[in-house]
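*Asks:* Protein sequence lines correspond, in order, to chains A and S. Counting from -16, one number per residue, gives the positions in the first sequence under my numbering. Counting from 55, one number per residue, gives the positions in the second sequence under my numbering.
Where hints are given, some of them may not hold.
Claimed, not checked - Examples of chain S residues toward chain A, derived with CB under 8 Å:
#1 F167
#2 N169
#3 P201
Said to hold, decoys possible - For each label pair, taking beta carbons as the anchor points, the in silico distance ranges come out as:
#4 A:E15 x S:N174: 41 to 49 Å
#5 A:V58 x S:P190: 36 to 44 Å
#6 S:V211 x A:R232: 51 to 59 Å
#7 S:S180 x A:D(-9): 16 to 24 Å
As the list claims (entries may be wrong) - Partial selection, computed: residues in chain A whose CB lies under 10 Å from chain S:
#8 T(-11)
#9 P88
#10 R89
#11 A92
#12 G110
#13 H113
The hints are simulated quantities; they were obtained by calculation from the structure and are not laboratory data. In this text, a Cβ means the ideal position worked out from N, Cα and C, and glycines have one as well.
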Amino acid sequence: MTGLITMDDLTNEQILSILDAAERLLPVARGEIYLPLLQGRILGNLFFEPSTRTRMSFETAMKRLGGDVVNLGDVKTSSVVKGETLFDTIQMVDGYTDIIAMRHPRQGAAQYAQDAARVPILNGGDGAGHHPTQTMLDLFTIKQAHGRLEGLKVVLAGDLRYGRTVHSLSHALTRFGCELIFASPDLLNMPEEIVSDLRSNGANVVETEDLYGSMADADVVYMTRIQKERFADEDEYARCAGAYKLHARHLSDVKQDMIVMHPLPRVDEVDPSVDNTRHARYFEQAFNGVVARMALLCHLLGVTVPAKIEGGAL
Amino acid sequence: MSNEHSMRRVTAIRNGTVIDHIPSGQAMRVLEMLGIGGATAVPVSLVMNVPSKKMGSKDIIKVEDRELTQSELDRLALVAPDARVAIIRAYSVAEKLSINLGEELVNVVRCTFSNCITTNLREPQSHRLKVVQRDPLQLRCHYCGRPQNLGELANNVL
Chain A
-16 MTGLITMDDL
-6 TNEQILSILD
4 AAERLLPVAR
14 GEIYLPLLQG
24 RILGNLFFEP
34 STRTRMSFET
44 AMKRLGGDVV
54 NLGDVKTSSV
64 VKGETLFDTI
74 QMVDGYTDII
84 AMRHPRQGAA
94 QYAQDAARVP
104 ILNGGDGAGH
114 HPTQTMLDLF
124 TIKQAHGRLE
134 GLKVVLAGDL
144 RYGRTVHSLS
154 HALTRFGCEL
164 IFASPDLLNM
174 PEEIVSDLRS
184 NGANVVETED
194 LYGSMADADV
204 VYMTRIQKER
214 FADEDEYARC
224 AGAYKLHARH
234 LSDVKQDMIV
244 MHPLPRVDEV
254 DPSVDNTRHA
264 RYFEQAFNGV
274 VARMALLCHL
284 LGVTVPAKIE
294 GGAL
Chain S
55 MSNEHSMRRV
65 TAIRNGTVID
75 HIPSGQAMRV
85 LEMLGIGGAT
95 AVPVSLVMNV
105 PSKKMGSKDI
115 IKVEDRELTQ
125 SELDRLALVA
135 PDARVAIIRA
145 YSVAEKLSIN
155 LGEELVNVVR
165 CTFSNCITTN
175 LREPQSHRLK
185 VVQRDPLQLR
195 CHYCGRPQNL
205 GELANNVL
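Same shape as in the complex, but just chain A (with noise of 0.2 Å):
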């Protein structure tokens, strides 16, 4: 069986597929047309590191969908505490299941998982690894806003280097073509594996660290949280947090259509005075989870999201 471990398991088609099925769901999304695609079957939600966004939105997901979900719950009180690892808490799981959701600490852990499981994985996050069901409520998000995914100008900033959605997402983007720029500081760039993955694979990559300088003529600009921790001395955390934090003045020269993106949780990278311009798109994109991973249920379940919904109110 073949979960979404990395953006690789889906060709272009699939995702095109799968964010045109997602548009379909949104009234069920909202709870406006109850539409039990999935019911009797059920996603274990197995997040070994604390989630708000992803969890709850795979549940919602599922629960919308008609679905079920059972938890692997606070890891502190599972069996993983007693020492099981991760190849037995799957096999566990997977007679439990029909599909996993699944957020790891370790990198690498959702392909291992997906090798010793029946039932297909998505992967939720795994280390500085993968975070491909993030990257698809991004694209949806893209897409939403710029009707296309072709050949956009697109400005990843902040923490390159620790943050999975970037990494994930700058391999998709790449596939559509996109012009990527990389606005980091130093001690946060991007790794360099990824960069030349990514310019292998014909993107056109630039790497900076001036953010402002770089949002004029983009299309997307993507924040992400600068961590204090990853700083030796707090002066350089400070200087380096200064640098990438975006206010609504900094938005007057940009293009009307311009879209804020970030994955949330935010701290100061994106000032609040940013919420109410045109251009933030932070809070439709947390909601964006909850479509995007209804449509990828559909998707490795093989489940058919039908060409036109109808249906009763809730």
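Fit chain S to the given chain A structure using the hints.
*Replies:* What follows is chain S alone, placed relative to chain A:
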């Protein structure tokens, strides 16, 4: 010193396996990777740092009364990719084998990335490194996808 002279540093074996053209200084590691140690009952001869026209200097191993299999030999791709192997029967070369670096190294070495899932040694699934490029050799972990540092990798041989 001729190659023939080097080979004669130890006597010819009647039956077994001769591994020639091992990079100088790697013979001990080759034995380790093949699981041949002090507890092995068969006689083993080892010649290290002998002159070689092709390599400058090289190591040679002769294992008596044991014919190494192709899959055992393929484990050596990491430390002795150009080694030449002869299976000896009744003092004559019965078969010539070479090391084949396949698409993947399975349970030969452990990923060098400290946060890879495979660093938990109790996890039972195979250690898998994919060959992404042969010359120069580039490997990536099947699970975490990290490129491997070949120098560090030599310390992670299973």
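*Asks:* Check the structure against each numbered hint from earlier and tell me which ones fail, lowest number first.
*Replies:* When the structure is compared with the hints, none of them turns out to be violated.
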